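In the order they appear, the protein sequences are chains A and B. Mapping of the first sequence onto the working numbering: position 399 corresponds to residue 399, and the numbering continues sequentially without gaps. Mapping of the second sequence onto the working numbering: position 95 corresponds to residue 95, and the numbering continues sequentially without gaps.
Hints listed in this document are in silico derivations from the structure and should not be mistaken for laboratory results. Keep in mind that the hints are not guaranteed to be accurate.
As the list claims (entries may be wrong) - Residues from chain A that face chain B, not an exhaustive set, calculated with beta carbons under 7 Å: (1) Ile24; (2) Gly27; (3) Leu28; (4) Thr65.
Because the structure is a prediction, the values reported are computed rather than measured. Even for Gly, the Cβ is constructed at its ideal location relative to N, Cα and C.
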Amino acid sequence: MYAKVYGETTCGINGEQIIVEVDISNGLPSFDIVGLPDTSVKESRERVRAALKNSGLIFPMTRITVNLAPADLKKDGSGLDLPIAVGILVSSGVLQQEQVDDTIFVGELALDGTIRQIAGVLPMILHARDIGRKNIVIPAGNCAEGRLVDGIDVLIPASLLELVEHLRGEKVLDVLDKEAICAAATSVYDVDFAEVRGQQVVKRALEIAAAGGHNILMVGSPGSGKTMLARRLPTILPPLTEAEALEVTKIYSIAGLLQRQERVMLERPFRSPHHTISSSALIGGGSVPRPGEVTLSHHGVLFLDEFPEFSRTALEVLRQPLEDGYVTISRVQASLTFPANFIMCTAQNPCPCGYLGDRKRECSCKQFEIERYHRKLSGPLLDRIDLQVYVPRLEYADLQSREAGESSAVIRERVIKARQLQLLRLQGTNLYCNAQMGRRELNKHCQMEAAAEKLLAKFFTALGLSARSHDRIIKVARTIADLDGSDIITAAHLAEAVQLRTSLNS
Amino acid sequence: MTEARQRLGKKGEDAACAYLERKGYVICRRNYRCRYGEIDIIAAKGGELSFVEVKTRRNLNFGLPRLAVTYAKQQKIRSAALFYLQQENRHQQMLSFDVIEILVEGNVARLHHLPHCF
Numbered sequence: 001m002y003a004k005v006y007g008e009t010t011c012g013i014n015g016e017q018i019i020v021e022v023d024i025s026n027g028l029p030s031f032d033i034v035g036l037p038d039t040s041v042k043e044s045r046e047r048v049r050a051a052l053k054n055s056g057l058i059f060p061m062t063r064i065t066v067n068l069a070p071a072d073l074k075k076d077g078s079g080l081d082l083p084i085a086v087g088i089l090v091s092s093g094v095l096q097q098e099q100v101d102d103t104i105f106v107g108e109l110a111l112d113g114t115i116r117q118i119a120g121v122l123p124m125i126l127h128a129r130d131i132g133r134k135n136i137v138i139p140a141g142n143c144a145e146g147r148l149v150d151g152i153d154v155l156i157p158a159s160l161l162e163l164v165e166h167l168r169g170e171k172v173l174d175v176l177d178k179e180a181i182c183a184a185a186t187s188v189y190d191v192d193f194a195e196v197r198g199q200q201v202v203k204r205a206l207e208i209a210a211a212g213g214h215n216i217l218m219v220g221s222p223g224s225g226k227t228m229l230a231r232r233l234p235t236i237l238p239p240l241t242e243a244e245a246l247e248v249t250k251i252y253s254i255a256g257l258l259q260r261q262e263r264v265m266l267e268r269p270f271r272s273p274h275h276t277i278s279s280s281a282l283i284g285g286g287s288v289p290r291p292g293e294v295t296l297s298h299h300g301v302l303f304l305d306e307f308p309e310f311s312r313t314a315l316e317v318l319r320q321p322l323e324d325g326y327v328t329i330s331r332v333q334a335s336l337t338f339p340a341n342f343i344m345c346t347a348q349n350p351c352p353c354g355y356l357g358d359r360k361r362e363c364s365c366k367q368f369e370i371e372r373y374h375r376k377l378s379g380p381l382l383d384r385i386d387l388q389v390y391v392p393r394l395e396y397a398d399l400q401s402r403e404a405g406e407s408s409a410v411i412r413e414r415v416i417k418a419r420q421l422q423l424l425r426l427q428g429t430n431l432y433c434n435a436q437m438g439r440r441e442l443n444k445h446c447q448m449e450a451a452a453e454k455l456l457a458k459f460f461t462a463l464g465l466s467a468r469s470h471d472r473i474i475k476v477a478r479t480i481a482d483l484d485g486s487d488i489i490t491a492a493h494l495a496e497a498v499q500l501r502t503s504l505n506s
Numbered sequence: 001m002t003e004a005r006q007r008l009g010k011k012g013e014d015a016a017c018a019y020l021e022r023k024g025y026v027i028c029r030r031n032y033r034c035r036y037g038e039i040d041i042i043a044a045k046g047g048e049l050s051f052v053e054v055k056t057r058r059n060l061n062f063g064l065p066r067l068a069v070t071y072a073k074q075q076k077i078r079s080a081a082l083f084y085l086q087q088e089n090r091h092q093q094m095l096s097f098d099v100i101e102i103l104v105e106g107n108v109a110r111l112h113h114l115p116h117c118f
């Protein structure tokens with residue numbers, strides 16, 4: 001008997017439908033899975049056998065051949081246990097083919113027949129919906145992801161037996177309720193910008209970075225508060241839009257990081273990898289490529305503390321994702337493209353000893369040491385950082401001042417307003433913020449007043465700016481204008497953008 | 001091997017032969033032995049030569065009888081069959097490797113023929 005059941009696997013950050021064909025024929029008992037299964041799929045033979053037996057169902061003692069189509073796609077993960085088990089039940093006559101035709105099955109089987117949660121369910125559901133399936137069966141442990149997707153009925157049976165009873169119409173399972181992705185208006189942080197004394201310039205730069213999605217570099221002597229400031233960046237980021245939240249959740253679903261949090265990603269991710277990180281951990285890697293830190297910080301912040309301490313290769317691989325907003329990782333098994341649109345926030349000391357340019361302490365570094373320290377950050381990398389600010393040492397008076405700074409909520413309010421302007425402007429382009437604009441959007445949305453144009457021309461030649469920094473300065477100026485609520489970029493906006501980019505050079 | 005078990009095997013093979021003959025097979029050899037192994041029954045029907053392994057069991061404590069025909073056993077039967085064909089000078093022959101399992105429970109025996117097994 002032949003049966004055809006649909007399953008799903010993931011390929012990059014997208015779902016992919018797998019047709020599971022099961023054939024049962026007479027002969028000595030055997031159970032073969034063909035169609036490029038990897039080890040975890042091959043092992044599903046033992047799980048399926050035991051799960052069927054322990055559910056009180058019959059595992060046919062005949063020749064079973066399972067084919068996973070398309071045959072050229074490498075299948076991994078344990079999510080194919082369930083469609084294989086259902087396929088066997090159909091071909092051995094326990095279920096009828098038409099009972100499973102409209103449904104996609106996803107889940108790992110435990111030996112006792114319960115259905116275990118797996119990674120990457122959200123992209124699978126999205127894909128199932130997009131190809132027009134009516135139902136999808138997912139593990140109960142993944143129900144948070146199941147609630148997110150409209151337009152498809154999601155079922156969460158606890159066990160294989162429950163599923164069989166449902167498919168036979170003996171006991172009907174409830175369809176999972178949908179839940180709207182609500183903005184994280186309630187997100188609570190244990191830090192706040194109000195706690196930071198002084199540092200007005202840096203706060204302003206961080207506000208601009210958050211508002212337009214620009215990269216930022218903070219340079220300062222030890223203890224001046226670089227890390228403290230960076231940690232507060234997430235508190236002023238705008239909430240994820242629905243489309244963004246879905247995308248971020250998809251990535252975390254595939255990385256298997258959702259299971260621990262058991263919820264949808266409602267806040268922008270903030271990743272701060274240690275500086276010993278390898279280049280493949282940063283951009284993604286592995287024989288079947290997995291997302292790296294740049295992808296995990298998609299639509300969020302990648303914070304690199306002690307920037308020059310990162311290995312040279314790790315830093316240089318950042319160049320391409322910073323420019324393109326995605327990474328393509330090619331390995332023997334697969335070549336995958338992951339999104340990587342993030343705000344890069346970096347912090348470093350001005351020199352190895354940390355006190356170069358400090359008002360109170362003498363720098364003890366030799367000239368060549370300083371040069372070597374700076375050489376670690378290549379020109380092309382620094383060229384991609386829009387906002388470069390110095391974090392000065394605090395004076396005693398600043399520290400003692402009772403005057404509370406602006407709270408994160410107030411700053412966030414302004415950031416959200418600026419982002420809304422951008423979203424409106426970039427509607428229908430798949431772009432979410434100023435930093436993502438390309439040449440076309442730049443020409444269309446960045447009108448400058450005559451004085452600003454003149455000023456830019458002057459700066460361009462005087463400071464020897466690159467074509468890239470030219471574009472990037474305009475984008476930052478656009479963000480500053482947005483914060484200002486201005487349609488047109490004025491000379492003041494542009495001057496601030498140039499100043500924030502080049503203040504470190506002098 | 002105890003005598004009782006040998007007797008059971010013999011009885012099973014007799015029953016299998018009777019079954020095959022009823023189905024129109026002609027028994028060519030029984031218990032064919034060579035240095036490569038042993039074949040329980042060699043039977044012919046319609047130009048096809050079948051090499052039959054008979055497995056008899058009294059209970060299911062160790063699984064179905066057919067599960068006892070392991071890969072190693074299959075290979076043994078294969079090489080013995082090849083040797084037989086060479087001896088008999090029968091080349092270009094249609095072949096079939098079958099298993100007949102017999103389950104004896106009390107006075108009832110159930111026979112199951114699995115043609116073209118391996």
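Okay, the hints, checked on the actual structure:
| no. | hint | in the structure |
| --- | --- | --- |
| 1 | Ile24 | violated (13 Å) |
| 2 | Gly27 | holds (5 Å) |
| 3 | Leu28 | holds (5 Å) |
| 4 | Thr65 | violated (14 Å) |
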